[in-house]
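Chains as they are written, first to last, in our numbering: chain W, 15 to 78; chain B, 15 to 78; chain U, 15 to 78; chain V, 15 to 78; chain X, 15 to 78; chain S, 15 to 78.
Rather than coming from a laboratory, the hints here were simulated on the basis of the structure. Fair warning: there could be bad hints in the mix.
Identical copies go unnamed one by one, so any copy, or any two together, can satisfy a pair.
Stated by the list, open to error - Here are the simulated lysine to aspartate or glutamate pairs, EDC-like style, with alpha carbons at most 16 Å apart:
| # | residue 1 | residue 2 |
| --- | --- | --- |
| 1 | LYS75 | GLU44 |
| 2 | LYS36 | GLU63 |
| 3 | LYS75 | GLU63 |
| 4 | LYS75 | ASP51 |
| 5 | LYS75 | GLU45 |
| 6 | LYS62 | GLU45 |
| 7 | LYS62 | GLU24 |
| 8 | LYS62 | GLU44 |
| 9 | LYS36 | GLU24 |
| 10 | LYS62 | ASP40 |
| 11 | LYS62 | ASP74 |
| 12 | LYS33 | GLU70 |
Since this is a predicted model, take the numbers as computed values, not measurements.
There are 6 protein chains.
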Amino acid sequence: MPMVQITMLEGRTADQKRKIAKRITDVLVEEAGTRRDAIVIAFHEVSKESYASAGELIIDKTPK
Amino acid sequence: MPMVQITMLEGRTADQKRKIAKRITDVLVEEAGTRRDAIVIAFHEVSKESYASAGELIIDKTPK
Amino acid sequence: MPMVQITMLEGRTADQKRKIAKRITDVLVEEAGTRRDAIVIAFHEVSKESYASAGELIIDKTPK
Amino acid sequence: MPMVQITMLEGRTADQKRKIAKRITDVLVEEAGTRRDAIVIAFHEVSKESYASAGELIIDKTPK
Amino acid sequence: MPMVQITMLEGRTADQKRKIAKRITDVLVEEAGTRRDAIVIAFHEVSKESYASAGELIIDKTPK
Amino acid sequence: MPMVQITMLEGRTADQKRKIAKRITDVLVEEAGTRRDAIVIAFHEVSKESYASAGELIIDKTPK
C-alpha cells in the first residue's frame with residue numbers, strides 16, 4: 015500500500031508521467047510484493063523558482 | 015502539534031476544504047488531545063495528469 | 015483518492031490512531047465525495063527531539 | 015533533481031530497498047531525463063498501527 | 015543529503031526564496047555537517063484556500 | 015505559517031537538531047516575514063538502508 019510522492023521540476027509531459035507512474039508501480043509490485051491497485055503516486059511539480067540544490071535556486075543555475 | 019498534509023485531486027471548492035479542515039481539526043483535538051491552535055493542515059492539489067493509482071494516471075481512467 | 019500524511023509526536027496508542035483514521039476517512043468521504051477504499055492515511059510519528067515549534071524543540075519546552 | 019518519498023509498511027529487507035531504489039532511479043533517468051546523481055529517494059517505513067486504508071488500520075485487517 | 019520540504023502560503027518572491035534556500039543550506043552545512051551539493055530544498059506553495067490553522071482556512075482569517 | 019519537513023540520515027544529536035530548528039526558524043522569520051510561533055519543523059530521520067542517492071543506498075556507499 016505504498017504512497018509515492020515525487021517532487022520534481024514542472025515541465026514533464028503527461029506521457030512522461032504516464033510512463034513513470036506505470037514503471038514505478040511495476041517496480042513496487044515486483045520488488046516489494048505490493049498489490050498493484052494499492053499503489054498511489056503523486057507528482058508535486060514545482061517551478062525553477064521553488065527548487066534549490068546546493069543552496070541555489072534552479073532558476074539561477076540556468077543556462078549552465 | 016500535528017501537521018496534516020492532504021494530497022488529492024484538484025477541483026474541490028473552498029467550502030469543501032473549509033469543512034474538511036474544520037472537521038479534521040475537531041478529530042485531532044478530540045482523539046489525540048492536541049491543542050486546537052497547534053494544528054496545521056495543507057491541501058496539495060494535483061491535476062489528473064499528476065496522480066496515478068494502480069500504475070495508471072487518473073486522466074487515463076476517465077470517463078470510467 | 016486522497017493520501018493523508020499526519021506528522022505528530024509519538025506516543026498515541028493504536029486505539030487513538032484507529033479512531034483518528036476512521037474519522038478522517040469519514041470526513042473525506044462525506045465532504046470530498048471520495049470513495050472510502052481509495053483513502054490512505056499514514057502517521058509519521060517523531061520524537062520530542064525531532065519536532066520544533068517557534069524555533070524550539072518540544073523536548074526543551076517540557077514540562078511547560 | 016527529483017526527490018522521491020515512499021511511505022510504506024515496515025518489513026522490507028535492505029535488498030528489496032536496494033532494488034527498488036536502483037530501478038526507480040533508472041526509470042527517472044530514462045523517462046524524465048534526469049541526471050542520475052541528482053535523484054534522491056527516501057523510504058518512510060511505518061508500522062501496521064500507523065497506516066490505514068479505507069478507514070481501517072492495517073493491523074486490524076490482518077490476517078485477512 | 016537532506017531533503018527539505020517547505021509548505022507555505024504562496025506569494026513570496028523569487029528573491030525571498032533565493033535567500034531562504036541559501037541560508038537554510040548554510041545552516042545544514044554548518045550544523046549537520048552535510049555536503050553543500052547534497053542538499054535539496056523544495057517550496058510547496060499553497061493558496062489561502064488550501065491552508066488552515068486551528069481548523070480555519072487562512073482565507074477566512076483575513077483581514078485579521 | 016510554514017511547515018518544514020527535513021528528511022535526513024539518522025544520527026544527529028539533539029543539540030544539532032536544536033540549533034538547526036532555531037536557525038531555520040530565524041531564517042523564515044527574517045526572510046519570509048512569518049510569525050515565529052507559526053513555524054513548525056519536523057525531522058524525519060531514516061537509516062542508511064532507507065536512503066538512496068544516484069540509485070544506490072547510502073549503506074552501500076560507505077565507507078567511501
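Checked hints:
no.	hint	result
1	LYS75 x GLU44	neither (38 Å within a copy, 23 Å between copies)
2	LYS36 x GLU63	between (29 Å within a copy, 13 Å between copies)
3	LYS75 x GLU63	within (10 Å within a copy, 28 Å between copies)
4	LYS75 x ASP51	between (39 Å within a copy, 13 Å between copies)
5	LYS75 x GLU45	neither (36 Å within a copy, 21 Å between copies)
6	LYS62 x GLU45	neither (33 Å within a copy, 19 Å between copies)
7	LYS62 x GLU24	both (8 Å within a copy, 15 Å between copies)
8	LYS62 x GLU44	neither (34 Å within a copy, 21 Å between copies)
9	LYS36 x GLU24	neither (19 Å within a copy, 21 Å between copies)
10	LYS62 x ASP40	neither (30 Å within a copy, 20 Å between copies)
11	LYS62 x ASP74	within (8 Å within a copy, 28 Å between copies)
12	LYS33 x GLU70	between (30 Å within a copy, 9 Å between copies)
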